[in-house]
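Participant: Listed here are the chains, written in short residue letters.
Protein chains: 2
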Amino acid sequence: MNRLPSPHRPRALAPIPHVAGVDYDVLDELIGYTLRRAQVAMFLAFHEATRGLEITPPRFTALVIVGANPGIGQSALGQVLGIARSGAMMLTDWMEQRGLAERHQRPGDRRAWGVYLTARGEREVARMKRRVLAEDRRRSAKLGAGERRRLLALLKKLAG
Amino acid sequence: MNRLPSPHRPRALAPIPHVAGVDYDVLDELIGYTLRRAQVAMFLAFHEATRGLEITPPRFTALVIVGANPGIGQSALGQVLGIARSGAMMLTDWMEQRGLAERHQRPGDRRAWGVYLTARGEREVARMKRRVLAEDRRRSAKLGAGERRRLLALLKKLAG
DNA sequence: GCCGATTGTTATAGACCATTACAATTCTCC
DNA sequence: GGAGAATTGTAATGGTCTATAACAATCGGC
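These protein sequences, in sequence, are chains D and W. Counting with this note's numbering, you get residues 1 to 160 for the letters of the first sequence. Counting with this note's numbering, you get residues 1 to 160 for the letters of the second sequence.
Worth flagging that the hints you see were computed from the coordinates, not collected in a lab. All C-beta atoms in this analysis are idealised placements derived from N, C-alpha and C, irrespective of residue type, glycine included. Be aware that a few hints might be false.
[Said to hold, decoys possible] Listed below are the simulated SDA-like cross-link pairs for lysine to any residue, each with C-alpha atoms no more than 20 angstroms apart in a straight line: (1) D:K142 x D:P15; (2) D:K157 x W:H18; (3) W:K142 x D:G160; (4) W:K157 x D:A153; (5) D:K156 x W:R137; (6) W:K129 x W:T56; (7) D:K157 x W:D23; (8) W:K129 x W:A68; (9) W:K157 x D:P17; (10) W:K156 x D:G144; (11) D:K157 x W:V40.
[Claimed, not checked] Which bits of chain D does chain W cover? Going by a derived footprint, with three or more residues having C-beta under 8 angstroms, they are: (12) 21 to 30; (13) 147 to 153.
[As the list claims (entries may be wrong)] Derived contacts from chain W toward chain D, CB cut-off under 7 angstroms, selection only: (14) I16; (15) V19; (16) L30; (17) A41; (18) V64; (19) A68; (20) D136; (21) K142.
Whole structure, please, built from the sequences with the hints as guidance.
Facilitator: Structure below.
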């Protein structure tokens, strides 16, 4: 089996299969279940693209958001990620320890810190974005370009 | 905030929002990210449908699979769910403790047990299925019937 | 009949994340 | 202008989920 260097192991190393001879009953009519199977499949694409990088989807998302919104506060970061403030803080700690981001005082407010990518962070995030996007496209190449666009639109409509 | 009776708490109580004024950069072009947002949204539908039932998506899936495939072994169950055998066993323990399923010897093989729904399990699972399906449809009603079908097809094609 | 594979099981450990509480600071509004 | 409410980041704690590893019993192929 495909072992990983213990920390930062993904939850699933293999896609959720559709086992032959098994009756899936109502599951195949549920958007929720089908969504999850597709998500696991695409998670593998992400894992492939970031192999050896000690990164996870939340970390990647945090890096991209900080890169595109320099000086964002940790509460706002948590809100965007859909996690609690304490979780956003741990992500920020991680980014800082890796030298990818820094906290800087913000002039207006002495409570809020404001997170910024470092120069090295900018470089690495740009590289990651290229790789993740390429792999996401490659893995979803089972769909044609039109289908891919339509899927994105449907998903966004669903997520509101 | 919306508190729940400590055990069996869902991971996310609120949808992942699209915060106004925030630049999402490449995220909005990633199937993986968009998929996750949609999945969280639909998870809330599930949570709504099973409120007060001490159930989770893996538990529900296990119950449905056992119901539709009586006598399935725990290894096969784990494979269908995409989890390790040990996890399938704990799910089976849970179903048994709740009186929803039972392990029975299977004639051919004295290693494998074979899981079956109890009469009460049959009843409860039927009820759950109705509720979950109804809520899944309700929550995805933002899409028209045709869009919903197309989304299902695209997701299945993606998950392979 | 023996060796490898498979099944269920148990124990352990780690990742992830929410909750709670706290101090510092800012905001509200009278 | 001042008191109380709200917000920010932080730290400590705990719970849930699930994989990993090791084990005994059993089966299958040769």
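Participant: The structure should be examined with respect to each hint, and the outcome stated for every one.
Facilitator: Hint by hint, here is what the structure shows:
Proposed proximity of D:K142 and D:P15 is supported: the alpha carbons are some 15 angstroms apart, at most 20 angstroms. In summary, the hint linking D:K157 to W:H18 is supported, as the alpha carbons are separated by about 12 angstroms, within the 20 angstroms threshold. Distance hint between W:K142 and D:G160 is fulfilled; the C-alpha atoms sit about 9 angstroms from each other, no more than 20 angstroms. Proximity of W:K157 to D:A153 is assessed by CA-CA distance (about 16 angstroms); at most 20 angstroms being required, the pair is judged to hold.
Restraint check for D:K156 and W:R137: satisfied, since their Cα atoms lie roughly 17 angstroms apart, inside the 20 angstroms limit. As the CA atoms of W:K129 and W:T56 are separated by approximately 13 angstroms, the hinted pair is consistent with the 20 angstroms bound. This hinted pair checks out: D:K157 and W:D23 have alpha carbons roughly 18 angstroms apart, not beyond 20 angstroms. For the given pair, W:K129 sits about 12 angstroms from W:A68 by alpha-carbon distance, which is consistent with the 20 angstroms threshold.
At most 20 angstroms may separate the alpha-carbon atoms for a hinted pair to count; W:K157 and D:P17 meet this at roughly 13 angstroms. Proposed proximity of W:K156 and D:G144 is supported: the alpha carbons are some 14 angstroms apart, at most 20 angstroms. Restraint check for D:K157 and W:V40: the C-alpha separation of about 13 angstroms stays at or below 20 angstroms, so the hint holds. Counting residues of the segment 21 to 30 of chain D whose C-beta sits closer than 8 angstroms to any C-beta of chain W gives 9, which meets the bar of three, so the coverage hint holds.
With 5 residues having a Cβ less than 8 angstroms from any Cβ of chain W, the segment 147 to 153 of chain D passes the three-residue criterion, so the hint holds. At a threshold of 7 angstroms, the smallest CB-CB gap from W:I16 to chain D is about 4 angstroms, leaving the interface hint in force. A cut of 7 angstroms between beta carbons decides the hint on W:V19: the least distance to chain D is about 5 angstroms, and the hint holds. Taken as an interface hint, W:L30 checks out: its beta carbon lies about 5 angstroms from the nearest beta carbon of chain D, inside 7 angstroms.
The interface hint given for W:A41 holds, since its Cβ lies 5 angstroms from the closest Cβ of chain D, which is under the 7 angstroms cut-off. Proximity of W:V64 to chain D holds as hinted, the smallest CB-CB distance being about 5 angstroms (cut-off 7 angstroms). Because the smallest distance between the Cβ of W:A68 and any Cβ of chain D comes to about 4 angstroms, under 7 angstroms, the interface hint for this residue holds. Among the interface hints, the one on W:D136 holds; its C-beta lies about 5 angstroms from the nearest C-beta in chain D, closer than the 7 angstroms criterion.
Given hint, W:K142 at the interface with chain D, holds; its Cβ is 6 angstroms from that chain's nearest Cβ, closer than 7 angstroms.
Of the numbered hints stated above, none is contradicted by the structure.
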